[in-house]
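K.L.:
Sequences and hints are given; from them, build the entire structure.
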Amino acid sequence: MGASYSAPVLHLPGQADPELVITCPFPARVNPHLPRLTEDTERWIREQGLFAQHDDADRLTSRFVGHRYAEVHARMWPDADYPGLWLANRLLIHMWCLDDFLDEIWGADQDHRADRVAELIGEVFAGRATEADVVGEPLAAALLTLWAEARNVAPDFWLDRAAAAYLAYLKASAEDRAQRWSARSVPTTAQYLASRNDGGGMFYATALIELANQAWLPDELAARSEIVDLSLRLNHAIAWANDLFAYQREADHGNGSNLMVVLTTHDKLSESEAAARVVALVNAELATLDFLCDAAEALPDPASRHAEGVRTTASGLLQWMATTARYEPTPSQRQG
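Just so it is clear: in the sequence shown, position 236 is 232 by our numbering, and no numbers are missing.
Quick caveat, the hints were computed from the structure, so don't treat them as lab data. Among the hints, a few may not be true.
Between beta-carbon pairs, the in silico distance windows are [claimed, not checked]:
no., residue 1, residue 2, range
1, A128, V224, 32 to 42 Å
2, P296, V61, 23 to 33 Å
3, S300, V149, 18 to 28 Å
These numbers were taken from a predicted model, which means no experiment stands behind them. We put the CB at the ideal spot given by N, CA and C, even for glycine.
P.N.:
Below is the structure:
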């Protein structure tokens, strides 16, 4: 089914307004280490063999490299020194890769594989997994090494929060898969929002702001309503923008956990009406996020650095979404 609505275009400060835009109030920035990060990232992805057990490993690896994750992460964390940038980059790439497997590569006949990898990831976060346990599962093996690196630099309170965010994402993803394979049903608006608010991957990405910048939020500061609200608004804005850019691809793969699909199915909106609704929602969240970031700067350190990280994360992700090949429709990959 071809999309009939005008393509959403990212609007950064100083640009003229096109017909339908996501208006980002935060200027685009990029980390000066981008060239090195790009080179190191491609080499790391190929060395990990993340797609090695798939029949089409070479094509999938090249496609994944072509999504330019180093670029988006350099835009998300422009102030990070290279060690923090390099580790946060690989940790988020790990989630991007797992997301591809859960959404597209592992079909219904691969639920046992998805469950096994999720179980191993839980063991990694709990500190119980060994190298012998993860043999034969590249995603789990990669995380075992990465999480050991994180333990060497991050405080326990951050490790606990980041692990909880990742596990909540895994739980929500498993529920999405179960709903998709059982009846290819589309969640209601309430079900969709609950899933994203409880287990959105953006909460993990938000935690990585602290790791990339080595600016740790103590639990008492992270629990402040101002900081919690930043995470929720960022999650809304990016998740809904993702649904807009990914709509055609996810619809082609039978993924009903997409706000565009929810609105066209349950609210009976046309594609153009749904797109306009989503753009309005995203813009409202971004405007509120801008206000909240300013307010957060009055909190104790390092809240101001975290707020700036929220700004650059939003700007970087939105700019990347508008140009990455990740959202281009592709034939469904339902192979083991």
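K.L.:
Determine for every hint whether it applies to the structure shown.
P.N.:
These are the hints, each one checked on the structure:
1. A128 to V224: 32 to 42 Å: holds (39 Å)
2. P296 to V61: 23 to 33 Å: violated (41 Å)
3. S300 to V149: 18 to 28 Å: Once the Cβ atoms are compared, 22 Å apart, the range 18 to 28 Å for V149 and S300 holds.
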